[in-house]
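Sequence order for the protein chains is Y and F. So for the first sequence, this note's numbering puts the first residue at 1; every next one is plus one. So for the second sequence, this note's numbering puts the first residue at 1001; every next one is plus one.
Worth flagging that the hints you see were computed from the coordinates, not collected in a lab. Careful: at least some of the hints might be erroneous.
Stated by the list, open to error - In silico contact screen, one side only, chain Y against chain F (beta carbon under 7 Å); selected entries:
| no. | residue |
| --- | --- |
| 1 | 332 |
| 2 | 335 |
| 3 | 478 |
| 4 | 492 |
| 5 | 494 |
| 6 | 495 |
In this text, a Cβ means the ideal position worked out from N, Cα and C, and glycines have one as well.
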Amino acid sequence: MTAPGGHRSRTARYVLAVDQGTNSTRSILFDSSGRLLAIRQHEHDQHFPQPGWVEHDAAEIWHNLQRLIPDTLDDAGVSATDVAAVGIANQRETAVVWDRRTGQPVHPAIVWQDTRTAAYLETLAQRGIADEVRACTGLPLAPYFTASRLKWILDNLPGARARAARGELLFGTMETWLIWNLTGGPATGVHVTDVTNASRSMLMDIRTLRWDDAMLDLFDIPRALLPEIRPSLHIFGECVDLVPGAPIAAALGDQQAALFGQTCFDAGDAKCTYGTGAFVLLNTGTELVTSSRGLIPTVAYQRDDEPAAYALEGSIAVAGSLVQWLRDQVGLIRTAPEIETLARTVEDNGGCYIVPAFAGLFAPHWRSEARGVFAGLTAYVTKGHIARAVLEATGWQTREVIDAMNADSGLPLRSLRVDGGMTSNHLLMQFVADVLDCPVVRPLVAETVSLGAAYAAGLTIGVWSDFGALRRNWHRAAEWLPTIDATRRDAEFASWKVAVTRTFDWVQ
Amino acid sequence: MPGAIQSIERAAALLQLVAEHPGELGLGELADGVGLAKATTHGLLRTLRDVGFLTQDSGSGRYSIGTGLRQLADSRLDPHDLRSYAMNWADSLAVRSGEAVRIAAVVDRVPTIVHHVFRPDDSHQVLDTGLPIPGHATALGKVLLAWTVALPVRPGPLDRFTQHTITSSRVLARELVEVRRQGWAAEVEEQTVNEAAVAAPIRGAINRVVGAISLGGAVDQVCDSRGAPRPHLIEQLLDAAHSLSRDLVTARR
């Protein structure tokens, strides 16, 4: 396939990735070997109008991107006509509603972390429709997903539902908002969403990949508001101003983009991104695998004219944030990396286990009433043991998610590809390899989210010919192999499981 | 107090005053407080700020104790902090050079590998992180020996690993002079036959050497036909060392 837009430079071979994240927006330029040439980043304001509420200003985010893209090209000394394609990765499940004519948001964007709709979803659960929602969308009735946030805006912004029904308002997640603006906004903007983002909306049938009338009725969402669902690897439109004529050739949710950037293209390939929380995604191929163990089936990616590839997702609420807690709230370490120094002062956890159920437990337990515990404390336990227990908590939570994935999918994990800030902790990475009993591998390019967006866009327009070409760009930067004695591993896992049960039923 | 150095006494008085009133005093109050002319006080404050012992609020112009002073009692850079700062630079050096990258620091008085990025060819490699290295037989070790005061070269014969290992402490001392002069160290088949590496210092606050970064691989990749390290690799190495040092100083100020 060749790029549309006759004025693309014939030698265009750079791919621009936009990573619209929760805290910042980044613009990153890659060359055709997947090498990072320039990166620009701009944080945006986080608004917390009430406890549990989190909002972003979508106009600020678009404004930031308008500065980031030219600066990135300047840094690399690359002309806009040399950009072969643009790919977008974005924070998922954040709801934006804007005026089709003015192009201005009509309400602050409600962010995926926002829990204002929890009580409403509880009433839905009491009506006994959780099974129906799960059967259609694959998703549990949690405030995590987009539909209840969109409904909240329509319910609370005067006149919004009527305006939406008249087609005056548009809704989308962040990729929808950015694509609409990049392709010309009110004049010529294309109103589309990618299927991975749509799979997190709770409005799409996870099998047909279309908006579902029953779900639209349930949340009282006018269809006129909704973007068209498109494959992830697809020419969404052409940029008008910032990179004139460059095709937007991919859009993916950020975790799906990381899976793509890690080149997890085959069923059974899995990655884990270790940030403040951790996200494990396992490619399950073209087969939708539903979970009886608290994992979320989701679309991994879809190419034009091909069936979607699915993934199972397991999210861990507290990973790196437990280390931050030890630094900021407890004061046991001055910097996050120092936890490794402290943990290495001892040989093991001294019998101490920490289960960080700070706001309940996510996958595979989904216990919102659970709260954290220190278990197994004796007079023997030192701060070194506590540091170990903090790191081990992330390892054991990964093990629980992977066990559930293996059982649900029947695809035993061969190796786990890792990225994110916590991969700088070698003690933790070794522990993950030990508890999973499989190799843990870190790739050379750490920016897997933006790399995934670039790979997907470049593949769509032919910068790369096929998955094989992308796999050849992937290089191992580090590998940890299991070394622990199996008896010890099993005994410690048993202790961890007991510790987990001690967190249950705390909030009455 | 015979031999007391006046400017140090004055600096100490200023630090004491700032510590008692953090974020409250500007140049005028501090000059009055220690009974010095504004110009003299300004010079002292600027120097203390430049070494990280004081910070100045950019809005109000008032002074507080800087992180540099707070960290002084335990100013050793944690090796895992060093790795965390180094990750991106080490990764991109491996991408640019096509060679394995290692970072070493002195841990418990022993030169030790604290970070390792595989050569990007997907061949079988094993992480060296945590391994001690012989100071005299490795590029990383020579850099650490050349700039670490607390790591003296002991007199007497040194362990031999290959026929090219430097085993005389006198020869080593001469080589370390050269390392300090040129700003980097090389190792050509001195620890392992057929392998070569170049290393450069990583500098923290006040230009202090806090570690070393190297790239290394097969001798015919790293060195030219005369056995000298290839200039473009040295340039890439020094670029990475410089960028990492700059990050380190900015981040820890």
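Hint by hint, here is what the structure shows:
Checking residue 332 of chain Y against chain F by beta carbon gives a least distance of about 13 Å; that is not within 7 Å, so the hint is violated. Residue-level restraint check for residue 335 of chain Y holds (minimum Cβ-Cβ distance to chain F is 5 Å; threshold 7 Å). With its C-beta approaching chain F no nearer than about 6 Å, residue 478 of chain Y sits inside the 7 Å limit, and its interface hint holds. Interface hint status for residue 492 of chain Y: violated, as the beta-carbon distance to the closest one in chain F is roughly 22 Å, over 7 Å.
At about 29 Å, the closest approach between the beta carbon of residue 494 of chain Y and any beta carbon in chain F exceeds 7 Å, and the interface hint on this residue is violated. Hint status for residue 495 of chain Y: violated, given a least beta-carbon distance of 26 Å to chain F, over 7 Å.
Going down the numbered hints, you'll see the structure goes against 1, 4, 5 and 6, while the others check out.
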